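Following the hints, complete the assembly by docking chain E onto the known chain F.
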Amino acid sequence: MIPPAETIDYHAQSPEVSERFTKLKERPVVLSVDDLTKVFPSRNGDVTALKSVDFEVYRREFMCVIGPSGCGKSTLIRILAGLETETSGAVLLDGNPVAGPGPDRGMVFQSYTLFPWLTVKQNVMFGPKMAGHKEAGVEADARQWIELVGLSQFENSYPHQLSGGMKQRVAIARALANRPRILLMDEPFGALDAQTRAQMQSYLLQIWRNLDITILFITHDLDEAIYLADRILVLKANPGEVDEILEVPVPRPRNLDQFIEPEFIATKHHINQLIHPESERHQDNLPFPRMTPLGDDVE
Amino acid sequence: MSGLGKDAREPWFAVRRELSPKRATVLTVISFALPLLIWSAVSYLPFLWHPDVQLQLSAHRKDVATVYVAGDRVSKGFFPEFQSAVRKQNEELKEQLASEDPLDGASESSVRRANKKVLRHLAPLLIKNRWLKDDQNTDDEAIYHAWGEIASGENTLKRPALSEENIAIVQENWKAMSAIAPNYDSDLFISVPLFSLVPQGKASNPDYLPAPDRVLMTGVKIFNIPAEGGRPSMIQRVGHSLQIVFGGFLLAALVGVPIGVVCGTYPFFSRLIEPFTDFFRYMPAPTFSTLLVAIFLANDAPKIALVFIGTFFQLVLVVSNTTRRLDMPLLEAAQTLGASQRQLLAKVVVPGILPSLYDDLRILLGWAWTWLVIAELVGVKSGLTEFIETQGRFRNFDLVFPVIILIGLIGFFTDQILSLVKGLVFPYTDDGPKASSHPIVKTVLFIPRLIKRLISKSQPDAA
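If you read the protein sequences in the order shown, they are chains F and E.
Just so it is clear: in the first sequence, position 124 is 124 by my numbering, and no numbers are missing.
Just so it is clear: in the second sequence, position 329 is 1329 by my numbering, and no numbers are missing.
Excised from the complex, chain F in its bound form (with noise of 0.2 Å):
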């Protein structure tokens, strides 16, 4: 028996769990945000987007971020890239301050961008080859990462040849192969159906465990990012603020079945609760007159 999610505190973590988020914030400091704040200038006045965000990613951490549509998340995984400039505040990467895009911090799009023109083996060798890495050691190592995210027997295949799955798994791969410091994905898998979406997210929990890196996701998707994450960092829309960081109480491996374990209900009801607060809930409920519009009777 389930208890009703309003009664469970999601604070409340077993043992192993706060022994886990204890050691974690004892590594070393990966990417640190501070005081960012971007501002849209616009001709109806400037559009505050992000207003001094602050938080820090752990070394090998899974963090997500998530918040209602047009919180600026976009913006804020995009200027992490390096593909937008801050107003204000500053972005460290292990310390540094960072200035325009690099291979030290990978990116996985929502939408596919694949180079159509070159092969699957191709596109994972981009990166290193514009480092101008040596073409021979550069496939062997392409091959890996391909064969990492379990795509070897599509190698030489084009992008359009590739379901959507498959093109992010790439996508990743491509990203990978540039060994970054930390992978930022930006509603990666936004665009699948359901059932793929379900499995990239194991996939992506696999490589995440086995190959040790430090994952900075955007999500919309409350059970996405609740599966995923070790800390959810929550925006608040208009400007765009930090809501809350909390810590997911949901113990390590995950699987779906921990869809409906109480923590992960608990978790999901909290950031329901901080995303739509209850006044604004209940503005949706539309008067609903009785109508019979099959013209059968109505028992």
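Derived from the structure by calculation, the hints contain no laboratory data.
Everything numeric in this text was worked out from a predicted model, so none of it was measured.
Hints may be right or wrong, so weigh each one.
[Unchecked claim] Covered stretches of chain E, going by a simulated chain F footprint (3 or more residues, C-beta under 8 Å):
hint	segment
1	1309-1318
2	1322-1332
3	1335-1344
[Claimed, not checked] DEER-style ranges, computed between Cβ atoms:
hint	chain 1	residue 1	chain 2	residue 2	range
4	F	Ser163	E	Tyr1358	23 to 29 Å
5	F	Ser157	E	Val1042	52 to 58 Å
6	E	Met1328	F	Leu256	31 to 37 Å
7	E	Ser1456	F	Ser163	35 to 41 Å
8	F	Gly100	E	Tyr1358	30 to 36 Å
9	F	Gly45	E	Leu1254	48 to 54 Å
[Unchecked claim] A short list of chain E residues far from chain F (calculated; beta carbon distances all over 12 Å):
hint	residue
10	Gly1105
11	Ala1181
12	Arg1214
Each residue gets a CB set at the ideal place from its N, CA and C atoms; glycine is no exception.
Chain E alone, transformed into the frame defined by chain F:
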């Protein structure tokens, strides 16, 4: 075969629903057959249009300066007038012959000259009936003999036939002629005026719409005329025209593509180059023709320059637009993978736009073709256009048509081949390399396939 029944249940007209490959092929065939059919119908069905009468037999009218010969076209309205004028002339001659002075004051020699004309008016009809050879139209002896045969009923003209009225006139004239000399003798030639044959003709279209068979025949003929003196053969003309088109186009592409790519990549160059290019392209290329002749003198240089001007400015704008349309996320992804600014241009922008660039150049090659005719009129006329111009002035439209159609065919097939090749050059695009499913290839193979199917159907046990 099992698919046939299913296909039959599909509607032919449904909003944005793809037709089956078989139906698509059939429609492609019809798309070409239909205009050809209309052209044939208008040409071969005498009750369709045919506003003119083409003379098979002409006549000379006294005191009228305009001379019509067999083969000329007169309007349907005028033809009966022409006939009745000749009949009236014959009536008057009859009265004159019955009067005191049958020669009406004319000299014997002028009457003989007029009589010879009357005699020879029958020649075109005789040639058509193959009684005479093509070059015998002034062979008076043979013509005289033919008059005799017709008058005696020994032989009759069939295709085309001589009208009853004219046979009577032939007999009457022959009576007078044979009384003087049964065989042709220029010394004894009749000096009594003869009756004129009444003009005959058949309904026809104006000369600017020759029939398909005629266009095909002249097409074959003009291609077999070898080069002679200063006049190049048709093949040489085609080669020359291709040189102008491709010369101008390749030059424009060679200079324009890099400029367009750079404009599409760097806003700096876009702002610097595109506004003026945009302005320049509105100045029609032909307006520069005299200027180009002044700069590049005669021969091919100003022609190629005209094709260049007509294509280049358009090309720069099209290519820069194509470059700008490259997916931004691809460029961003490349940057997060560590590509430098220079690597972005060489390793992402250029390979990324190649398939679209290929399509652009295909379309722009079509543009270059449209400038060909004007370019070939610049300075010294040349190539296919010179032929069209010259023959068109003489109203030899049956010679003009094959050349116009040929230009269309060259352009069309170049484009189709290029679109086929695209699949081979860019195997990663979705319109990949499946030559056999290409509509034009299927259309070309349609007839042989149909025959094959009919054969296999008629021999079910062959397998």
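- Distance restraint hint 35 to 41 Å, applied to the beta-carbon atoms of E:Ser1456 and F:Ser163: holds, 40 Å
- Check the following: the C-beta atoms of E:Met1328 and F:Leu256 are separated by a distance inside 31 to 37 Å. With a Cβ separation near 36 Å, E:Met1328 and F:Leu256 satisfy 31 to 37 Å, so the hint holds.
- Would you say the C-beta atoms of F:Gly100 and E:Tyr1358 sit inside 30 to 36 Å of each other? holds, 33 Å
- Between F:Ser163 and E:Tyr1358, is the Cβ distance one that fits in 23 to 29 Å? For E:Tyr1358 against F:Ser163, whose Cβ atoms are near 27 Å apart, the range 23 to 29 Å holds.
- Message: Count the residues of the segment 1322-1332 of chain E whose Cβ falls closer than 8 Å to any Cβ of chain F, and tell me whether that reaches three.
- Response: holds (count 4)
- Message: Checking a non-interface call: every C-beta of chain F should be farther than 12 Å from the C-beta of E:Ala1181. Is that right?
- Response: E:Ala1181 is indeed farther than 12 Å from all Cβ atoms of chain F, at 91 Å.
- Holds or violated: is the Cβ of E:Gly1105 farther than 12 Å from all Cβ atoms of chain F? holds, 95 Å
- Query: Okay, the segment 1335-1344 of chain E and chain F, do three or more residues pass the C-beta test at under 8 Å?
  - Reply: holds (count 7)
- Item | Within 8 Å of chain F's CB atoms, at least three CB atoms from the segment 1309-1318 of chain E: coverage verdict | violated (count 0)
- Taking the CB of F:Ser157 and the CB of E:Val1042, does the distance hold inside 52 to 58 Å? Once the Cβ atoms are compared, 55 Å apart, the range 52 to 58 Å for E:Val1042 and F:Ser157 holds.
- Message: Holds or violated: the 48 to 54 Å window for the beta-carbon distance between F:Gly45 and E:Leu1254?
- Response: Taking Cβ atoms as reference, F:Gly45 and E:Leu1254 lie about 50 Å apart, which means the hint holds.
- Any Cβ of chain F at or closer than 12 Å to E:Arg1214, or is the non-interface label fine? It holds; E:Arg1214 is separated from chain F by about 50 Å at its closest Cβ, greater than 12 Å.
In summary, the structure is inconsistent with hint 1 from the numbered list given earlier, while agreeing with all the others.
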